[in-house]
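Asks: Assemble the whole structure, with the sequences as input and the hints as a guide.
There are 2 protein chains.
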Amino acid sequence: MSDENMKKKLKIGLVGLGVVGKSVYEILLNQKEIFQEKIPVELELVAVSSRSRKNFVDEKKVKFVADPLDLVLDKEIDIIIEVVGNIANIQELWVEALKNGKKIITANKALFATKGFEMAKLAQENDSHIAFEASCAAAIPIVKMFKEAFAANKIKTFCGILNGTSNYILTKMKNEKIDFSVALKQAQEAGYAESDPVFDVEGIDTAHKLTILAAIASSTKPQFDNVYVEGITKITIDDINFADEFGYKIKLLGIYKNDGEALIQVVYPAFVSKDSRIASVDDSFNAVFTQGSNCGDSFVVGRGAGGFETASAIIADLIDMACKRYSYEFGVKVENLKTAKIKKIQERKGKYFLRVSFDKNSKKDMILSNEFLEKIAAQQSYFYEKNDRIFCGIITDKIVEEDFLTAFQELVGVDDRHFIRVEEI
Amino acid sequence: MSDENMKKKLKIGLVGLGVVGKSVYEILLNQKEIFQEKIPVELELVAVSSRSRKNFVDEKKVKFVADPLDLVLDKEIDIIIEVVGNIANIQELWVEALKNGKKIITANKALFATKGFEMAKLAQENDSHIAFEASCAAAIPIVKMFKEAFAANKIKTFCGILNGTSNYILTKMKNEKIDFSVALKQAQEAGYAESDPVFDVEGIDTAHKLTILAAIASSTKPQFDNVYVEGITKITIDDINFADEFGYKIKLLGIYKNDGEALIQVVYPAFVSKDSRIASVDDSFNAVFTQGSNCGDSFVVGRGAGGFETASAIIADLIDMACKRYSYEFGVKVENLKTAKIKKIQERKGKYFLRVSFDKNSKKDMILSNEFLEKIAAQQSYFYEKNDRIFCGIITDKIVEEDFLTAFQELVGVDDRHFIRVEEI
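Same order as they appear, the protein sequences are chains A and B. Numbering-wise (the working numbering), the first sequence opens with residue 23 and increments by one. Numbering-wise (the working numbering), the second sequence opens with residue 23 and increments by one.
Hints were generated in silico from the structure; no laboratory data involved. One or more of the hints may lead you astray.
No distinction is drawn between identical chains; accordingly, a pair holds when it is met within one copy or between any pair of copies.
Listed below are the simulated PhoX-like cross-link pairs for lysine-lysine, each with C-alpha atoms no more than 20 Å apart in a straight line [claimed, not checked]:
1. K355 - K31
2. K176 - K243
3. K97 - K296
4. K121 - K366
5. K83 - K199
6. K176 - K44
Keep in mind that this is a model prediction, so the values were computed, not measured.
Replies: Following this line, the structure appears as structure tokens:
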């Protein structure tokens, strides 16, 4: 590693002092001995900006800047670490930072998934750079794995548990036999879910991460608007019990497939075999399974959230910058990013779990007629009675989603119906 | 990523055309479209050297050089890919390559574990570089994870299944209830073990990889001679059965711990709980569990051997070089590598499994006296009779190895004794 042409000191501005920001601050100020010898320059945190001054304790060492825009325009600063999260005016900050030749390190998946192409273009035009390892699965270095470690591979498939909050809730529901709303409340009390949990439980956060990783995996433009997204809010304790009965667990997955013609990029809760590695990933852990054309199968588990866990990824990006280890944001130059064709969810061919319930006096064989069961290619079924109602769970064989849905929606005599896709990983 | 000061073309020489070499050759010649846009230069394989010309099919495109030393001294070549393996005169090749300013990419764990410090020093003195991702767990990017992704962490513990051959044999023994020698033979027939399997089954290969990873994890000099090494050749089908009975599986592990004072670096077969992630890693797969001070727990599974799987890591190193993404060989400059204090295996405090057998007419309570059972802190025991002999398995509580061994060796009246350490991961 050549030391020449390196600046003696890289000056850093930190925007955001939440859980992650405070951890970044702590590492940069008090844990430098871990990494100082790994880099050929000094790193110095010179300024911090935060909505509130109350988290800021150490003004003798680092200056406080009330307006983050002032921090971004500070000529002294080389690198901006942005850990504010999904807030509207962050894009403006990024634009100003990049236009002023500053590099950005971020954990902001929402902005990067939706505006990543424009931002990467701006970075490239200004000979700057955006690093975002922390945005995708915090302490799991999946961005680095896709961009660097697996660079000599066509990534054929990846499938991830990318949202710790949802995984925590699903684990609680299963282990404690409680409903979604109860589990959500417990997750909020334990600090695993935010007061407004929509992004997490509706699958949007997973979709942001999937969008970014899919773009890197395929060297194509990120297409957040073309991700099929379904969250976990409709999962009931009955679904969890049926899954258990059939030998499955329910996990919220982000799934990517590339057959060379078109991409699948979807987010939904799915039945996964209890024996699969991905099923063993519980609580707030994240995980990614990948199939590469040369490296074969890979599986990685780690902490997908948390202050120091996320800061670990941010400081890794910073160390990469200090060592001049760069890669193009989406793996290739922006002008080389193609627009992928995205497969529609209706074209999915796979297995399905369906759950229906009806009054116990209804004629079961009339409702779930042989004709219907044949249409959906039913393979296994399980019934039980609860509160004068019959609950029926069925697992189908592989069938095209459109055909399944047609049959499923035409079903008469049931008051309550729900389906969940089955994934073989 | 700045393109300035980059050479337009990087010229590569490949030494070795075995399984890995042929895969590297194939990727460089026929799969360039996967990675060409990810790098700002052209990569060109210009020369190949191999013991035998018979694997070399394509002399129109790439020149064949009989003597690898001639290839290394070729002024045209920038990067040497060395995939010959553990052969005596390879060190001389490396020295000549480095002295002539060439960079090295290698899968040679034996040479790097034993001479890595000297070689890294030589590389540094010559402003050159050695990349060795493929050496440690092939397609698992554990070197990159330790050096880059987890750079902002003290690595407190790591524990790996780092030898696919041993893992394949242990899996066969368990699943098919066969003895070591039979499983080894099957592994050789299936191409998973070499005709001389000593390095694999005696734990030496695992120790090489552990040495390299331990040095990076602790920023200290590699100390291969100070690794405690025990292989799997003494594991019997009785051990496998007892493990199963007690809720464990047997895995050959490389274990590293750093308490800030001294390092533990040991290789031995161990009982691991059936429910642990590491126990689920079967066949020829490798895996590494890591605990970092900021990133928390991480676990990665992947292909630890195979032609294209290993070549995937080699080409990743090559792409890093083409993008000028460098790190110091052991994470920090060689002059900053300290010499770690290494803990002796006798100081280990942990649980043990012991197996003894004796004639069925012996007095069991005399041999396994209460005094003995107390000394070894016995917790669970299990007996069975086979061929007029009594087989006894015992799991102990945590006890210092030296104390355990003293009691174990003083035991009289048993014809056959063996012990295996129990690891809680």
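Asks: None of the hints should be skipped; say for each whether it holds.
Replies: Against the structure, the hints:
With identical chains, the CA atoms of K355 and K31 are at most 20 Å apart between copies only, with a shortest distance of 18 Å across copies and 28 Å within one. When the C-alpha separation of K176 and K243 is checked against a cutoff of 20 Å, the pair qualifies only within one copy, where the shortest distance is 16 Å, while the shortest distance between copies is 36 Å. With identical chains, the CA atoms of K97 and K296 are never at most 20 Å apart, being 55 Å at best within one copy and 57 Å at best between copies. Proximity of K121 to K366 under the C-alpha cut-off of 20 Å is found in neither arrangement, the shortest distances being 38 Å within a copy and 57 Å between copies.
Taking the closest pair of Cα atoms, K83 and K199 never come within 20 Å of each other, the shortest separation being 50 Å inside a single copy and 65 Å across copies. In the homo-oligomer, the alpha carbons of K176 and K44 lie at most 20 Å apart only across protomers (19 Å), although the nearest pairing inside one protomer, at 38 Å, exceeds that limit.
Of the numbered hints stated above, those contradicted by the structure are hints 3, 4 and 5, listed in ascending order.
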